[in-house]
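K.L.:
Next come the chains, spelled out residue by residue.
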Amino acid sequence: MAAEPTKTAGGDYTLAELMVAAAAREIADGEVVFVGMRLPLLGFLVAKSLHAPEAVGVYELGIIRESLASEPILTMGDLPNLRRSHWLADTADMMALLGRGDVDVSFIGGAQVDRFGNLNTTLIGRPDRIETRLPGSGGACDLACLARRHIIIMAHRKHRFVDRVDYITSPGYGDGGDWRRRVGLARGGPSAVITTLGVLRFEPDTREMVLASVHPGATPETIRDNTGWALRSASDPRTTPPPTAGELAMIRRFDPHQYWTR
Amino acid sequence: MPKEKRLSLPDAIERFIPDNSRIVMGASLESVIPFAAGHEIMRQGRRDLTLVGPISDILFDQIIGAGCVRKVQAAWVGNVITGSGYNFRRAVESGRLETEDHTNLTVSLALRAAAMGVPFLPTRTALGSDLFRTNPGLKTTTCPFTGDRLTAVAAIQPDVAVLHVQRSDVYGHAHAWGNLGISREACLAAHNIILTAEEIVDPDVITSDPNRVVVPGFRVGAVVHAPWGAHPSPVPGHYNRDHQAFLDYREASKTPKDFTEWKAKWVDGVGSPEDYAELLGRERMAQLAIKEHDYSEPVDYGC
Chain A
26 MAAEPTKTAG
36 GDYTLAELMV
46 AAAAREIADG
56 EVVFVGMRLP
66 LLGFLVAKSL
76 HAPEAVGVYE
86 LGIIRESLAS
96 EPILTMGDLP
106 NLRRSHWLAD
116 TADMMALLGR
126 GDVDVSFIGG
136 AQVDRFGNLN
146 TTLIGRPDRI
156 ETRLPGSGGA
166 CDLACLARRH
176 IIIMAHRKHR
186 FVDRVDYITS
196 PGYGDGGDWR
206 RRVGLARGGP
216 SAVITTLGVL
226 RFEPDTREMV
236 LASVHPGATP
246 ETIRDNTGWA
256 LRSASDPRTT
266 PPPTAGELAM
276 IRRFDPHQYW
286 TR
Chain B
10 MPKEKRLSLP
20 DAIERFIPDN
30 SRIVMGASLE
40 SVIPFAAGHE
50 IMRQGRRDLT
60 LVGPISDILF
70 DQIIGAGCVR
80 KVQAAWVGNV
90 ITGSGYNFRR
100 AVESGRLETE
110 DHTNLTVSLA
120 LRAAAMGVPF
130 LPTRTALGSD
140 LFRTNPGLKT
150 TTCPFTGDRL
160 TAVAAIQPDV
170 AVLHVQRSDV
180 YGHAHAWGNL
190 GISREACLAA
200 HNIILTAEEI
210 VDPDVITSDP
220 NRVVVPGFRV
230 GAVVHAPWGA
240 HPSPVPGHYN
250 RDHQAFLDYR
260 EASKTPKDFT
270 EWKAKWVDGV
280 GSPEDYAELL
290 GRERMAQLAI
300 KEHDYSEPVD
310 YGC
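Chain order of the listed sequences is A and B.
Oh and the first sequence: position 119 is 144 in this note's numbering, straight run, nothing missing.
Oh and the second sequence: position 202 is 211 in this note's numbering, straight run, nothing missing.
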């Protein structure tokens with residue numbers, strides 16, 4: 026799910042552009058990336074065109090690209106994303122890559138996230154008393170279970186950052202510690218949460234989310250005020266580096282009408 | 010010679026999709042969604058359907074809005090570039106629609122299990138998630154060989170798979186290219202297959218490239234000539250995605266009244282592909298058409 030409409034963060038870029046740049050920096054060169062929709066799609070394209078030229082894009086609908094599409098796209102199924110790609114195949118083939126552990130990193134958004142990085146995109150309320158029905162998992166649960174790590178991108182609001190999600194669509198670290206291993210998940214888990222206010226990461230032992238960096242214009246206080254549990258900070262949260270001129274140029278090349286990054 | 014299977018779209022839907030059918034559609038995810046066939050189901054006012062699919066985009070939302078659906082077994086229902094599917098939301102939140110929550114992988118495995126004639130297939134996805142609470146077709150199980158904890162995905166047996174393809178002969182031998190999503194397992198699992206095709210071609214065109222065939226032709230029940238039959242989704246070799254239609258649909262589905270007006274114009278008022286083309290307009294069709302063709306190198310099947 027997209028971040029909610031974002032305001033200018035200050036300087037010559039939007040908050041969405043800052044988030045895309047932060048997402049791009051999570052991708053290392055040569056990694057196999059299970060590419061999602063919206064800001065993550067842009068993050069992959071930016072990484073691929075700057076510091077990670079050897080990154081491979083895997084798209085759940087059955088596409089592998091080792092090169093950039095020739096034109097900007099809004100969905101993974103747009104024809105420029107198929108043209109001159111490196112494999113057009115079945116969703117099951119992409120899922121096989123995930124299942125075997127061949128996918129290094131993936132990205133997802135959500136409506137609700139909790140202190141252990143569990144993500145909800147299915148329903149607000151209870152299954153027997155649904156207040157708001159959301160679209161569902163798509164491939165999000167699959168990548169949260171099977172990728173080597175995943176990154177969550179979402180709007181930072183108190184009603185979205187909750188102590189416990191109403192429904193776990195995409196597992197994070199459950200109730201913390203070695204929960205993933207106990208439920209049978211062989212690997213993975215969220216490595217970062219990129220929000221409209223900052224970047225959060227997970228403590229190695231407890232697997233609890235902690236504040237790692239604060240976006241320009243935000244403060245640790247505003248972040249805590251917008252988080253539904255007593256959020257702890259890394260000993261020295263830094264300031265999220267603003268997008269570089271090179272990153273901004275690429276973001277604007279791939280989202281020329283600012284559909285995702287206004 | 011095999012039997013000719015060419016039917017009009019109304020006849021194909023009438024014959025193969027009665028009330029209470031379980032149908033898999035939109036199997037290629039964002040691409041090649043069989044909108045024309047879905048709209049015919051809405052025009053014929055089918056009731057109590059079960060829709061099966063991966064992400065489905067707005068087609069499921071439309072068929073749900075028309076009151077045709079009792080249950081959805083899908084990974085995602087909404088509008089890919091805008092988010093929520095408003096008809097889906099209204100139907101679930103008011104208790105009119107039953108849902109079974111899948112992931113793209115579990116829905117693929119559910120169909121693959123049916124295709125292989127086994128009651129379930131195992132996977133490591135969904136472990137630790139709440140999908141088990143809202144999908145009776147998912148249970149945890151223990152591997153008889155390793156003792157590993159696994160998810161068992163129950164088979165889903167559709168009555169009909171509806172697939173939109175670039176070209177088919179009148180016997181149901183068809184070429185599809187592009188990303189295939191869960192098309193293969195959907196068609197292998199279903200009792201019957203309806204193909205809607207941009208072009209009806211000579212059988213020799215199909216046999217010239219058998220690797221391009223996606224479904225066993227002998228299992229196809231109906232072949233329908235449906236040019237622009239996947240609009241507004243994209244079809245490789247034919248037309249690009251009509252993003253504006255998806256943006257417009259967001260506004261057109263916000264309230265039941267808006268949706269009724271949208272449906273009157275884009276579904277009820279359309280009797281043929283020609284009607285639809287007229288509604289779309291020459292200029293918009295030209296904008297969506299392939300601007301720069303890029304043909305593959307032929308391969309040699311000679312002996």
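Because the hints were derived from the structure by calculation, they are not lab data.
Being a predicted model, the structure only gives us computed values, none of them experimental.
The C-beta atom is built at its ideal place from N, Cα and C for all residues, glycine as well.
Warning: the hint list may mix true and false statements.
[Stated by the list, open to error] Calculated Cβ distances over 12 Å to all of chain B for the following chain A residues:
no. : residue
1   : E91
2   : R108
3   : D118
4   : N143
5   : P160
6   : K183
7   : E246
[Unchecked claim] If the Cβ cut is set under 7 Å, some of the chain A residues that face chain B in the computed set are:
no. : residue
8   : L122
9   : Y192
10  : T264
11  : P267
K.L.:
For every hint, state whether the structure bears it out.
P.N.:
Hints and how they fare:
no., hint, verdict
1, E91, "16 Å, holds"
2, R108, "6 Å, violated"
3, D118, "9 Å, violated"
4, N143, "9 Å, violated"
5, P160, "4 Å, violated"
6, K183, "20 Å, holds"
7, E246, "30 Å, holds"
8, L122, "11 Å, violated"
9, Y192, "5 Å, holds"
10, T264, "31 Å, violated"
11, P267, "27 Å, violated"
The structure fails hints 2, 3, 4, 5, 8, 10, 11 (numbered hints given earlier, in ascending order).
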